[in-house]
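Chemist: Listed below, chain by chain, are the residues.
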Amino acid sequence: MKKVSVSFTLNGDPVTAEVPVTWSLLKTLREYFELNGAKKGCGVGECGACTVIVDGDAVSSCLYPIPEIEGRSVTTIEGIASAEGELHPLQKAFIENNGVQCGYCTSGMLMSAKSLLDQNPDPTEDEIRTSIAGNFCRCTGYIQIVEAIGMAAETIK
Amino acid sequence: MSEYLYVGKSIPRTIETDKVTGRAIYIDDLKRPGMLYGKILYSKYAHAKIKNIDKSKAEKLPGVRAILTGYDIPDVRVGFIKDQTVLKKDVVRQFRDEVAAVAAISPEIAEEALGLIKVEYEVLPTVFDPVEAMKEGAPLVHEVDARGRPLKSNILPLPWKFYAGDIETGRKASAYTVKDSVSTTWVNQCCMGPSGCVAEFDMNNNLTLYDQTNVIHLGKQRIMEYFAQIGLKGKKVRVVNAIVGGSFGTKLDTDIYEFICMQLALKTRKPVKILFSREEEFFALPPRQPAIFDIEQGCDKEGRLTFRKCEALLDNGAYTSWGATTPSVMMMPMSSLYRVPNVSFEATCVYTNNIYCQAMRGYGNPQANFAVETSMDTLAEEAGIDPAEFRLINRNQSGDETPQRLKITSCGLEECINSVKEKLDWDKKKKDKKKARGVGMASLIHVAGGARVYMSDGHGIMIKVDQNGCVDVFESGTDQGQGSPTVISQIVAEALGFKPEDISLTMGDTGLSLWDAGTHASRHTFMAGNAAIRCCEKVKKQILDMAVQYMPKLIKGGFKRKKRKDPDFVQPDLDYSLISNPEDMDIRDRMVFPKSDPDHPYFKMDVREIVRSGLHVGVGDSRVVVAEEFYDPPTEMLDREMKGNLSMTYAFGTTGVEVEVDEETGEVTILKLIAAHDVGKAINPTLLLGQVYGAVYTGVGYGLTEEIKVVNGRVMNPNFRDYKMLTAKDVIPITPVVVEPGDEAGPFGAKGIGEPGLVPTAPAIANAIYDAIGVRITDLPITPEKILTALNDKQ
Ligand code: FES
Ligand code: FES
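In order, the protein sequences belong to chains Y and C. With this note's numbering as the guide, the letters of the first sequence map in order to residues 1 to 157. With this note's numbering as the guide, the letters of the second sequence map in order to residues 1 to 795.
This is chain C alone, in the form it adopts within the complex (with noise of 0.2 Å):
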């Protein structure tokens, strides 16, 4: 392997300096000359009929300068399946609905008209359980479907459906099955930092909106799309990222509150910005989908996984976004985490009046992996083995093709169950068991090497270098927190023979990147990094023409200059074939050189005098260096029966957990958690443990403490008091385990890694409680109470 000068090192986050000195705009931070104030009034009822909106006397109050309602403005609907508008007349169907916004001259006085408006309702039947959603007479959440056709069921037109060997067969050839139900709630992502956006119009009905979304360009679309619909047709759209204070999911949907900004923005003729609270980031967003899940399993009596059969029901909530589509997430563990031959997933989204979902880190992989988990604990305890050497008999492995004719090129999951074994002394722990403690483990798989679920999975990335010996990079991707301009900075530096600090990035403007499919799935490293060291290989082949050109002339006029000085000087006898093509040539740390005789005297010199060599050559023949590429990995789309190749590579890792349960109190303390993650490579290992670091707290958080209460569509604690996200008194003594296969259509052999540490953190503690107190805890989150009650249930 060659050796890497900025790749596998632990490059600071030096290019984001402002972070640390309160300099960063936010969009809290961000103020245009002129800005009003937007704030939206929601729905007093889960369900009801808007009778009549008053906003006479709000829109008297000094200072108000637009009050609108879905009255106001054009009815067109939004949103994954086109079940809602951006303001909601006639029906509001949980909540959130947002019935009316208000724009003012500061959001106090925004605030206050909101109260001064007046809705008056009519109360509708409600339902809030998906079981009582699906039964026929259960009151229908929507009347007509987006085109207007009468629905006679809540159950949403999406019917998630996964078929692979046969049930059946698999049945037979089993020694043993086990038959577990278990779910998950919603979680919310808890950005610190607020969801917000400023929209702004030229004069000509063109709209700039400064936004925090990890998909700058579909993001467009959908604006483009409802401009279309609203008599904006042709208007141009530019997204402008400010920095983001954390996704975590909820930047993936272009959210109703965005479409509103910019409706008030237009009314006024000002731009105009909408910051959410803290108790809207609770109730008006949506959280992670919560799921239900019927799980079966059998295996054979060598312990060879037979058949896996799965129902999921997923409460929908009264409007679609991304969080019905998290079956399609869930197929990937369902089908392919574990060799298992006969696989039958099956899921339902079901409206009902609570709050309705979208992505959160690990997409539906977090819910299934729960399932699939908890589910091999309890088959292994039947089929009397080991759980971790139930995993490993089971484990997927280099070559596989899955299922879901996924296709397995490198995998470290071996390492990883084994590294979580010997780092928990699992074994010892197993046969020598103390009262209350307990040990547990969970592995994953998730894509790794981008996910084909558009027709377009690519990137691009354009790339100058300037005579200063400045590299600009304008990528198309968002930086969440997750330290892109660091890593893509190592990359490039390394690909480009330049140093880190001579570059600077740009990211997240859609007017000055090329398309990217969005900051998710874990693929931004992946995507932006191949994109980024093919175009530096084109930016590289520019200098080297170039260099071949000038080298030879400008050598020759330093020595003509030293003569000058100097007349005793005799010019060396250089052997110029050796600069004379650049496929012999090279560039590292700035300098071009000789490949044959890198440290040559002579031959030796900085990129900058090249390139400036190249721009300031006379009338008609100077030159920039610059270069674009647009990567999109030979990946397949899933087809009809959802299968398909949609990633490069694939994720694993394995966590394994310590617990001792208080078996008066019910409180579990975490004495030991393993993170054994196959990366692929590790660009840059501090920042990639803060990614594994981050998500295992989120996991934890996901496991033991996390829910949104919602009653009666309600949500009952939209605050940091009652909401319980882990703090830093909450000491989980993780150790990392960083598994380097390398995987050859990474980047220098990288894998993604943003979600995969959350994943398997809930059933591995799960399983680990399982272990010991002998209860199992089925739902999410396992709260002391919850274990309390099983070990009361038990007695």
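One chain only, chain Y, in its complex shape (with noise of 0.2 Å):
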């Protein structure tokens, strides 16, 4: 199969991957470079769970075709507390108020929560809303997510 390499930032480092043209960003994150924070829960864009962080947006990485990250940054769950490994605000926010429970949906939340608040540090409850709209949780009611988010923009400010 053809590969293409592609040069990017991943969680600060600059990465180089050799991968099949046709993968996707999830598939080179989990299969390449073993980060399998990022889930695929469904593979085609619906459920938010593979969504990680390109140049500051939340984006469904199944859908990101590889080629296309080249030269850009990329963040991932697995890049989000500090390299002393002290958690991100929202990170903890998800543990002190039950934002997880079986936690699959979380990493993508997560991520999409985050792009929100580097943007919006002091978003309105609709907006937190509309920033994990494309992230499906089955356990939570989505409440104590929203909760933690805001929780941990309070923490931020």
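In case anyone wonders, no lab produced these hints; they're calculated from the structure. Accuracy of the hints is not assured; some may be wrong.
[Said to hold, decoys possible] Listed next, the stretches of chain Y that the computed footprint assigns to chain C, with coverage defined by at least 3 CB atoms under 8 Å from CB atoms of chain C:
no.	segment
1	37-46
2	106-117
3	139-147
[Claimed, not checked] A few chain C positions that, by computed beta-carbon distances, are all more than 10 Å from chain Y:
no.	residue
4	S153
5	T177
6	D180
7	D300
8	E302
9	G481
10	L574
11	M637
For clarity, every value in this text was computed on a predicted model and none was experimentally measured. C-beta: ideal position from N, C-alpha, C; glycine also.
Hey, can you piece these two chains together into the complex? The hints should help.
Modeler: Next up, the structure:
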């Protein structure tokens, strides 16, 4: 199969990957870089479990063609705690406020939320809900997730 | 009441931090050396003869390691009534029938190979409507039963019948009666984590199955049974769970793909993983059982229920999993939700060429509750009584024994109904009705203290404490996301006198646990909690025995050392009798102390010192701290009449809803939703709310949006675009009300609360919609189209 070589920034590090040209960003993250945080809940852009941040925006990595990642900056769930292991305020809030149950949607939720807070540090509840509208969760009913994102926003301020 | 240090506190789920850092290993993330990938070829028809399978082309595809069909593996029947084989040969009976399976070095190659397998079919007549399927002359879905005896009808040999009192007597005593027909449809559990497993045999043909089941031990039993029939008798099986990405009933049965995975692993001598796509989740997993109900109820002049008679028809699909047993749970609300003296309930399950069903959060309760609670409203109206008042008149009460012989110990139903009334401002809303706005309510009863559906409803636990003060708990349940590692840690910390952070839990591994009937029926906190408390007593006793033996020596040794350092030190005169009897001592926050003087300056000692002393004592006398407990509550199996007290306690709750209906579009807006639940005691209030919120959301979906569209046996909406699960933008303003009467049998008073939030949600919404616009939608989900049609018909 035809391969492509892409260089980009992954969680702050310069990386290069040589993978089949048909691979998605999700597959590359999971298979090539062994970053398992982003999940394949559907593979067709409908569930949000695969959400990562590309150049500041939350995107469905399952739909993201790998050749297009060249030169961009990707942040995944593995890259949001500090290098010393200090959790990001969003991660802490999810733990604190039961924003995580089975956890399968959690990586995607956190990345959507992080992208929101990076761009809008003081979001309304409606803005929070809009930011995770593409992230399905079957366990929580979203309420404690929305609260947790609000709590994290407070902390960051 | 004594003051708890950890129980009743919202301890955060720190124990699960891996889930917020992307480190938790789900089945999708699990890789074993040399692992192959399995894929399944499904039927092209709802009913057909398999004339020929040609796998020659597929076998030649590089990277393919094995292709199996029903002709390649032993013809062994599996499932609840053994009505299917692992891979189907000769006949397929539904679109999800597994016809062939491939193992290859990559999922892509496996997928490609599926496309190269040529199956020739001869189409057979089909039947999709359960009513049609019951008629004489309907195409038979199965020609023979599990023992090869010819079948004459599609009706399953599972006659669910429950009778108590006498319906005719009840009828005679009635001043008002109503008759309603309602129906509920297929709903997908929608676990965000797809189904899958990894099967791996060692060189001795012993199996390790990496799985995500919520019945590790029952699953193991089923596999052992299967092994005995495929020539692997006596081989060992270990079931080990990965982190589970949700369950909601899907993991209660051992599914066909798991057996296929084992067969592929056996054939290839390699670990094999099967992982479902989302599409497979929708069409190849058994969803919630649909049901059609004809329900009749009556009450006397005072509004007291006189009888309840109900007939249910269940579309069983082509095979039988737990869906067919949902009537056993339906009997509970039918017989025991509200006081009703005369009850008749009959359910018939019928084979069709549709998908077959299994458990989903609430089991048969959401379906039956929809029938009972919508009928309660029509009867209240008939009798001219306010629906809330009507429910209060008939409410269950502590000390009741229901017609099913359920013993109602603690019961917070009255408080639940009243808090819904108050929080919804019910009386006022009923009086000053606003156009297109309405309120409705529905209540529930559910097992909350185990559910004896197997001869053992036990739960085993093992606890050890080491010299570092680490408490390892080996627990036989599964965490599907409900937060058991945190909740059980709290219970152990409280009962043992340690801190929650001292505790590590191992769950979901048959090799490291005792029997457990499964993490189902909202039973885990209750069962594991009770087992843990009892186990902690034993562990504590061991530690305190050691304390009595070693504390005086340790204290005196300390004095000697002090004296050596400081010759002026005067050894205090202590009353060692305070620490001479284990019964007089206790542990709190990891410190051992005499009960009579908890802050004694010398007799308060870190547990670790004591455990260390017990271990390092020299030849032949060293000890470890470890205990096990198997808790099997004194409940009853249902008898032949389907009666018996199968749970130690029951959960009650009431959901109240205020809706606004847009009469132009048929759109329903939930303005307020009160979820009042008798939970016994909230061990962790924040986690408990998570259970309620999640269940309510799924219940709202059940009521308003969710439906697997099955047309001629085929699932037409196998994706999240067309299957309408609620999103974060669907704001449901939930006000939870936690009623805590405390239950004597519960661990620290707790009842199970995993399922209840879902159960009464849909009927409460249906009742509120009726109150708003005067039309009653009797089949779920209540979509805008149905509302508009009903409004049109009304005019
Ligand atoms: S996996 Fe990408 S959106 Fe579902
Ligand atoms: S926590 Fe389970 S899907 Fe969101």
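Chemist: Could you run down the list of hints and mark each one as holding or not?
Modeler: Going through the hints against the structure:
1. 37-46: holds (count 9)
2. 106-117: n = 3 at 8 Å, threshold three: holds.
3. 139-147: holds (count 8)
4. S153: 38 Å, holds
5. T177: 38 Å, holds
6. D180: Per Cβ check, C/D180 is outside 10 Å of chain Y; nearest 30 Å; holds.
7. D300: Its Cβ never comes within 10 Å of chain Y, the nearest being 40 Å, so this holds.
8. E302: 39 Å, holds
9. G481: 3 Å, violated
10. L574: 44 Å, holds
11. M637: 32 Å, holds
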